[in-house]
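Undergrad: Sequence order for the protein chains is U and Z. End of the first sequence sits at 239 in UniProt numbering; the numbers just go up one at a time, nothing left out. End of the second sequence sits at 162 in UniProt numbering; the numbers just go up one at a time, nothing left out.
Hints are supplied without guarantee of correctness; some may be wrong.
Mimicking DSBU-like on lysine-lysine, the simulated pairs with C-alpha atoms at most 30 Å apart in a straight line are [unchecked claim]: (1) Z:72 to U:106; (2) Z:120 to U:105; (3) U:105 to Z:72; (4) Z:72 to U:51; (5) U:106 to Z:120; (6) Z:73 to Z:120; (7) U:51 to Z:127.
Simulated from the structure, these hints should not be mistaken for lab results.
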Amino acid sequence: MAKNGVFSRLRRLDRAEGVDDFSTCNDSHEVHVLAVDDSLVDRKVIERLLKITSCKVTAVDSGRRALQFLGLDEEEKSVGFDGLKVDLIITDYCMPGMTGYELLKKIKGSSTFREIPVVIMSSENILTRIDRCLEEGAEDFIVKPVKLSDVKRLKSCMFGGNRIQKQDKGLNKRKLQDNSGVPLSPTLDDDDDVSSSPSPPSISSPSLPRSFSSLPSSPSSPTPPDSPTRLLKTSDEEE
Amino acid sequence: MEVDQLQRNFLEYTNLLFREGFLDGQFSQLQLLQDESNPDFVFEVVSLFFEDSERLLNDLTIALDQQNVDFKKIDAHVHQLKGSSSSIGAQRVKNTCIAFRDVCLEQNAEGCLRCLQQVKQEYLLVKTKLEALLRVRVPHLFSLEQQIVAAGGAIPMLNDFC
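Based on the provided sequences and hints, a complete structural model is requested.
TA: Put into structure tokens, the structure is as follows:
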């Protein structure tokens, strides 16, 4: 899953153009995202959100189908889908059959696929749920409804060249103490009014999730009082 | 009618829907995703929402009509409806669903029936308004958006809600 070439090229692009247009990358490799959600409406929205940020998208309606696509399903072996490597999995938490959490565990439990970052989406921002997912190795947790700024942030954090390349593939490093996801430069969020100051770094305390929205929320939909993004903010909201 | 007048009408109507709480910021998010390459995106998502909602409302009606009401199942349906309404910005439908789930927790069948009536009402209201905005299925009648498109104009967005 090493994407050294892509990362360094993107890093140069970021600095030179200051643009989050990843489609201008010389490498023909687009970020391929596997989106998992049982809701038809949400699948359509997440698919469009990802495509508009220049990702290739495969959208499936269940954890089971996600595993089949990856070739991890015990019952049905997929017919060698090696051509389309998955760079990111974004999954809903609440799904009938296999939950997003169960899917996450299966992926992190696989030697082949545990390196793929997994992001969880949920309409309910229950801290214990978020903690559990992050402890199990989720890269990030997005509270629904998903916005364009969420997807842009995700993409720039993970594939924008700010991500410190992991050398050791043997260990699952996705523990709360690991700060490898800390964004180093201002994220390329159009909604952000405060473009002159860099976004505050993710909280490095082991007890709090990292890279978990250090941005002020967009003015149009203020975060509810007890949402994680509001709890973890280190600076005042601009609005 | 001139394109800019049509566009103003569209914006005024959208603004009204926001002011009256029928729509919230998430609807603007959907509009952000619509462009020349995907000119019908909002309409397509909203259509999926209509289909989804009608199915769920039907299932809820059946579930509440049973001798032994399965409140878990009802909660599951309402949770789904809450999710999809939230995803398209149908705020009043979403809020009604939130209240519905609370009543469901109490395992109050009568209360649930009242909630179902409310959700149906809110759903029909937002459906009518969204159709007036985006697409009307009655021949010879055009929605605000259709009129703009017919006149060769671009669909405007409310900047305040971006």
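Undergrad: If a hint holds in the structure, say so; if it doesn't, say that too.
TA: Checked hints:
| no. | hint | in the structure |
| --- | --- | --- |
| 1 | Z:72 to U:106 | holds, 27 Å |
| 2 | Z:120 to U:105 | violated, 38 Å |
| 3 | U:105 to Z:72 | holds, 26 Å |
| 4 | Z:72 to U:51 | violated, 36 Å |
| 5 | U:106 to Z:120 | violated, 39 Å |
| 6 | Z:73 to Z:120 | holds, 18 Å |
| 7 | U:51 to Z:127 | holds, 27 Å |
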